[in-house]
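Colleague: Just so you know, the protein sequences line up as chains A and B, in that order. The opening position of the first sequence corresponds to residue 1 in the UniProt record's numbering, with each subsequent residue numbered one higher. The opening position of the second sequence corresponds to residue 1 in the UniProt record's numbering, with each subsequent residue numbered one higher.
Hints were generated in silico from the structure; no laboratory data involved. Incorrect hints may have been included.
No copy labels: a pair is met if it fits in one copy or bridges any two.
To be verified - List time: in silico SDA-like cross-link candidates among lysine to any residue, alpha-carbon distance up to 25 Å:
1) Lys48 with Thr232
2) Lys216 with Ala62
3) Lys48 with Phe229
4) Lys109 with Arg99
5) Lys73 with Leu221
6) Lys109 with Thr234
7) Lys195 with Arg44
8) Lys216 with Ala117
9) Lys48 with Gln69
10) Lys73 with Glu219
11) Lys73 with Asp180
12) Lys109 with Pro149
Protein chains: 2
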Amino acid sequence: MNSQPHDHIVKSYDEERSRLTNEILRMGEMAAAQLESALDVVERRDDKAAERIIANDDAIDALEHEVSQDVMKLALRGPMARDLREILAALRIAADIERVGDYAANVAKRSTALNLAPPLPYTRGLTVLGELAVRQMREVLVAFRDSDPVAAQRVRAQDAEIDTVYTGLFRELLTYMMEDPRAITPCTHLLFMAKNIERIGDHATNIAENVWFLVKGDEPLPPRDKRDFTNTVT
Amino acid sequence: MNSQPHDHIVKSYDEERSRLTNEILRMGEMAAAQLESALDVVERRDDKAAERIIANDDAIDALEHEVSQDVMKLALRGPMARDLREILAALRIAADIERVGDYAANVAKRSTALNLAPPLPYTRGLTVLGELAVRQMREVLVAFRDSDPVAAQRVRAQDAEIDTVYTGLFRELLTYMMEDPRAITPCTHLLFMAKNIERIGDHATNIAENVWFLVKGDEPLPPRDKRDFTNTVT
C-alpha cells in the first residue's frame with residue numbers, strides 16, 4: 001500500500017461520485033424504457049403489460065431514494081463548491097427522472113381505462129408525441145453522462161417541437177369529442193396522457209438545464225421558444 | 001465580546017438555518033396566496049388579475065433559487081447528519097412549493113381562456129376543491145414551521161378528501177360535456193384546472209412527508225388512503 005490517506009479519500013470520493021452518476025443514468029434509462037413500454041401498451045391494448053409497467057415504477061422510486069442517500073454521504077464529506085453543484089444537480093435530476101417514471105406509469109394506468117372502450121382510431125398521435133419524449137430523455141441522459149452543456153442546450157431547444165405536436169393533438173382530440181359524445185371519456189384520458197407526455201418533455205428540459213448548471217454554474221442559458229398554447233385554446 | 005470563535009460559528013449556522021426556514025415559509029405562503037387569488041379570478045372572470053398572478057410566479061421561482069443558494073452555503077460548512085437532513089428536506093420542500101406556484105399560475109392562465117366563452121355554471125366545484133388545497137398548503141406550512149410530524153401526518157391523511165372531491169368533479173364535468181358539445185372546450189380547461197389543484201394536494205402531501213423525514217429520518221410513515229380514481233374512469 002503506497003497510497004497516502006489523502007489519496008485514498010480522494011479516490012473514494014470519486015468512486016462514490018461515479019456510483020451516483022451511474023445510478024442516475026440507470027434510473028433515467030428505466031424511466032425512458034417505461035415510457036416506451038407504455039406507448040406500446042396503448043397500441044397493443046395489453047392490460048397485463050400495463051400492470052407490469054405500473055409495478056416497475058417502484059424500482060425507479062427506490063433508486064431515487066438511493067441517490068438521496070448517496071448524496072447525503074457525499075455532502076457529509078464537506079464538499080467544495082464544484083462538488084456541491086454536482087450534488088445539487090444530482091438531486092434535482094433524480095427528482096425529475098422520478099416524475100418521468102410517474103408519468104409513464106400514469107400513461108399505462110390510463111391505457112387500461114381506454115381498453116374498456118372499443119379501439120380508438122386516434123391513438124397514433126399519442127405515439128408520435130411519446131416517441132419525441134423518449135428521444136428527449138435518451139439524449140439528455142447522454143448529455144448528462146458526458147457533462148456536455150451544448151448537447152443539453154440542443155435537447156432544451158427541441159422541447160418546442162414536443163409542445164407543437166402536443167398542441168396539435170390537443171385540438172384534434174377536442175374535435176373528436178365534439179363530433180361524437182361517446183368519444184368524450186376516452187378522449188379525456190388521451191388528453192391527460194398527452195399532457196403527461198408533454199410534462200415528460202418539460203422534465204427532460206429541466207434535466208438539460210441542470211446539466212448546464214453542473215458545468216457552467218449560474219451562467220445564464222440562451223432564451224428559448226415555448227410553444228404549448230393549449231392553456232389558452234378556445 | 002465574550003463569545004468564543006466556536007460559539008460564533010454555531011450561532012451563525014443557526015442564523016442561516018432560520019433564514020432558510022423563513023424563506024421557505026414566505027415562499028409557501030406566496031404559493032398558497034397565489035392559488036387563493038387564482039380561484040377568485042375564476043369566479044370573478046378578471047383577466048387583469050389573472051395576468052398579475054401569472055407575473056407573480058417569477059417571485060416564487062426567485063425564492064427557490066435563493067433557497068438553493070442558502071442550502072449550498074450551509075452544506076459547504078460540512079454539516080452533521082441531522083443538519084443534512086434539514087438541508088435535503090429544505091431543497092425538496094422548496095421544489096414542491098415552486099410547483100404549487102406553477103400550478104396556481106396555470107389555473108390563472110386557463111381562467112383567461114374560460115373568460116372568452118360565456119360564463120359557466122360549473123365553476124363552483126373548482127372553488128370548493130381549491131379551498132381544500134389552500135387549507136392543506138397552509139396547514140403543512142405550520143407543520144413545517146413547528147417541525148411537527150403529527151400535524152404533518154394529519155395533512156397527509158386529509159389528501160384523500162381532495163382526491164374524493166376531485167373524482168366527483170371530474171365525473172360531473174364529463175357529464176356536462178356529454179350533454180352539450182359547446183361545453184367541451186371550457187370543461188376541458190376546467191378538467192385540467194381541477195387536475196392542477198389535485199396535484200397541489202399531492203405536493204402538500206410531499207411537503208408533509210418531508211416534515212416527517214426532517215424530524216424522524218427514515219422511520220416509515222403510517223400507510224394512507226389514495227382516492228383519486230379518475231385514471232380509470234370509464
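Colleague: Please go over all the hints and tell whether each is borne out by the structure.
Modeller: We went through each hint and held it up to the structure:
{"no.": "1", "hint": "Lys48 with Thr232", "result": "between (37 Å within a copy, 15 Å between copies)"}
{"no.": "2", "hint": "Lys216 with Ala62", "result": "between (30 Å within a copy, 19 Å between copies)"}
{"no.": "3", "hint": "Lys48 with Phe229", "result": "between (35 Å within a copy, 19 Å between copies)"}
{"no.": "4", "hint": "Lys109 with Arg99", "result": "both (15 Å within a copy, 23 Å between copies)"}
{"no.": "5", "hint": "Lys73 with Leu221", "result": "between (30 Å within a copy, 23 Å between copies)"}
{"no.": "6", "hint": "Lys109 with Thr234", "result": "between (29 Å within a copy, 12 Å between copies)"}
{"no.": "7", "hint": "Lys195 with Arg44", "result": "within (21 Å within a copy, 27 Å between copies)"}
{"no.": "8", "hint": "Lys216 with Ala117", "result": "neither (50 Å within a copy, 46 Å between copies)"}
{"no.": "9", "hint": "Lys48 with Gln69", "result": "neither (33 Å within a copy, 46 Å between copies)"}
{"no.": "10", "hint": "Lys73 with Glu219", "result": "between (28 Å within a copy, 18 Å between copies)"}
{"no.": "11", "hint": "Lys73 with Asp180", "result": "neither (57 Å within a copy, 58 Å between copies)"}
{"no.": "12", "hint": "Lys109 with Pro149", "result": "neither (35 Å within a copy, 32 Å between copies)"}
Of the numbered hints stated above, those contradicted by the structure are hints 8, 9, 11, 12, listed in ascending order.
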